[in-house]
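In case you want the letters, here they are:
Number of protein chains: 2
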Amino acid sequence: MRTRQEHGPPRILGAARDLALPALREAVDGLHPDLARLCGYHFGWCGIDGSLVESKEGKFLRAALVLLCGQAVGAPAADVLPGAVAVELVHNFSLLHDDIMDNDDHRRGRPSAWVAFGLANAILAGDALIGLALDQLTGLKNEAGRTATRMLAEALNEMIRGQAADLALDSAPAAEVTAEHYMAATYKTTALLYSCAAIGVTLGGGSAEVATVLGGACRKLGLSWQMANDLENIWGDPAVTGKPVQGDLRQAKKTLPVIAALRSRSAAGTQLAGAFSDTAPAESDLYAQAMLIERAGGREHVETLSRRYLDQALAELTTALPASAVVTELADLFRFIVPSVARSGAAGGGEVRALGAAG
Amino acid sequence: MRTRQEHGPPRILGAARDLALPALREAVDGLHPDLARLCGYHFGWCGIDGSLVESKEGKFLRAALVLLCGQAVGAPAADVLPGAVAVELVHNFSLLHDDIMDNDDHRRGRPSAWVAFGLANAILAGDALIGLALDQLTGLKNEAGRTATRMLAEALNEMIRGQAADLALDSAPAAEVTAEHYMAATYKTTALLYSCAAIGVTLGGGSAEVATVLGGACRKLGLSWQMANDLENIWGDPAVTGKPVQGDLRQAKKTLPVIAALRSRSAAGTQLAGAFSDTAPAESDLYAQAMLIERAGGREHVETLSRRYLDQALAELTTALPASAVVTELADLFRFIVPSVARSGAAGGGEVRALGAAG
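Read top to bottom, the protein sequences are chains A and B. When the first sequence is numbered by the numbering used here, its final residue is 359 and no position is left out of the sequence of numbers. When the second sequence is numbered by the numbering used here, its final residue is 1359 and no position is left out of the sequence of numbers.
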């Protein structure tokens, strides 16, 4: 239960959690007991042995987007709740499988599900969450349910294409990687965010046009977020981000600041190319690399882009819908998701510069 | 292309392949190039490097079931083709993931996809095939398409539950395993066969009742088939089955003949329990184990059950539909799928004995 003191986005996320959680738990409880236990652990509801633990839940951000978008077109929460539950299930399918693919052995401060329960069960549990997500939407008998199912399937396809692009990025030589490769990989995140808005509007009885514009706004939000994450991973405070210091650099990941620096044709970029050898760098080199990326303009470039995508997302939000309390809540949630970018203020006018222009 | 000489089931399977293949290839070609290459290899269309090879395709059995069931309710093939393609995609999703979970490193005489392309890409390719399967059905604008999508989602859920039961069977002590555990695991195969009939009838414009009865017939067919596979693995000719001699015994798999023998309370069953220690037996012990299973009545029990399930499947087929050339083709296909059982003739009257009665 939420405390009464919460306001703004934390209250919205808490309300989304309170709405979505019962249906989510009911769905998971219907799985084979071995998969239900694994998923209960993954969702942060229990320990490895099924015991109750201090909650380690996710943020229910996607559920909140679905619910707010439904509310924004005038629908009661009950009409869009199956969509909110479905996107949370698909999001968690992708976490279960991506942790295996990316060899990430920790999530939210605990061993990842594949580490705790083995590879076979983690793969199968991910598959199971797709099935449960489909259940939520294919059970709806109206045309909106059919459309929402199609939207979820499209999101699934685009997420998978994005993840494939991300895996390809990992194995590509750093010198050959462009911003286009990076953008192809962002679909792993942005596709589901698009569908949150599109499904929320559709199940809420809104028009296809509003679904598309609001979906686009959420996709831009996702781009801003992804880029802000890249920046925080290099220059953020680990105490705030909760992630290991410069984990991306340690793994020689080709994030956008790195790509922009490598393609900057600056002296610092050339120096970085020599240091960035597709293998994990020595611990002592991490800060030197961060400095080279900054000197080559990679930091500023990505900060500018991230801010502009947030600005565009906010602009598209107000294009899609007339001003209302819900639209204000959505805008607040957008800013809450990328706080570092929102804090640093607007990026000024102009279109987002073509990413290729960085190189 | 099929040769003109083929008759009966081989002709039917060939025709199903010719109908489904273009849509299947088109769907796969739309994936990220890395996933398209992996899937092309998995489907047997090309080698690891993308080169053309002698075809190593699957049998298109599930596509044939969908198409025949649609035809049986009077629909043209085009109406049900998306269903045929969708079930083949879901079947191959399960092969890709199950090969990883079951640590099977070969399929159709070649390295499994996860061995050839790595774990990450094989997991993601399996996910991608679910997405493509959904595309086939969510693109249909009619009510039948919505129902068929729901049926496919239900099949997915049941397959996953069955695979979870199968994984649990692997890790359970042999002494504790019952026929009920085995039956729970059979859903990994039978759920999709049920949906082949149900989706074919539904997209073909048939009634919900015919869909259910014909689906039930295909589920029985699947049970007969699964049990026949268990038998062939122990007593079949590897030159015919194409599988390693007694591979299941070598892996100490708790297949139904083993379970029936272990629970037979016979002297041979007790002797088998001593030998069957949940670890792979010595090579020289495999034939001794097979003999103990036979002496304990495990072979005859499962032969009887497999025959009865085939008989029931055939009976339910003729209950669901009036006699016609297509129904005869379906019956021929049923017998073709479990040739050893069909050859050995009818099991006589009576209901299938409760499996638990074996122990």
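In short, the hints are calculated from the structure, not lab data. Only a predicted model underlies this, so the values are computations on that prediction, with no experimental measurement involved. Glycine is no exception: its CB is placed at the ideal position from the N, C-alpha and C atoms. Check before you lean on any hint, since a few could be wrong.
One-sided and incomplete, this derived list gives chain A residues near chain B with beta-carbon spacing under 10 Å [stated by the list, open to error]:
| id | residue |
| --- | --- |
| 1 | L95 |
| 2 | L134 |
| 3 | I160 |
| 4 | L333 |
| 5 | F336 |
| 6 | S340 |
Label-pair distances were calculated between CB atoms; the ranges are [stated by the list, open to error]:
| id | chain 1 | residue 1 | chain 2 | residue 2 | range |
| --- | --- | --- | --- | --- | --- |
| 7 | B | S1277 | A | P22 | 56 to 62 Å |
| 8 | A | D102 | B | R1110 | 25 to 31 Å |
| 9 | B | P1022 | A | E6 | 54 to 60 Å |
Going through the hints against the structure:
Interface restraint check: A/L95 against chain B, minimum CB-CB distance 13 Å, threshold 10 Å, status violated. Satisfaction of the interface hint for A/L134 is found here, the shortest Cβ-Cβ separation to chain B being roughly 4 Å, below the 10 Å cut-off. With its C-beta approaching chain B no nearer than about 5 Å, A/I160 sits inside the 10 Å limit, and its interface hint holds. Interface restraint check for A/L333: the shortest CB-CB distance to chain B comes to about 28 Å, outside 10 Å, so the restraint is violated.
About 30 Å separates the beta-carbon of A/F336 from the nearest beta-carbon of chain B, more than 10 Å, and the hint is not met. A cut of 10 Å between beta carbons decides the hint on A/S340: the least distance to chain B is about 30 Å, and the hint is violated. Hint check: B/S1277 to A/P22, Cβ distance near 45 Å, so the stated range 56 to 62 Å is violated. The supplied range of 25 to 31 Å is met by A/D102 and B/R1110, whose beta-carbon atoms lie about 27 Å from each other.
The hint said 54 to 60 Å for the Cβ distance between B/P1022 and A/E6, and at roughly 56 Å that hint holds.
Violation of the numbered hints given earlier is confined to hints 1, 4, 5, 6 and 7; the remaining hints are satisfied by the structure.
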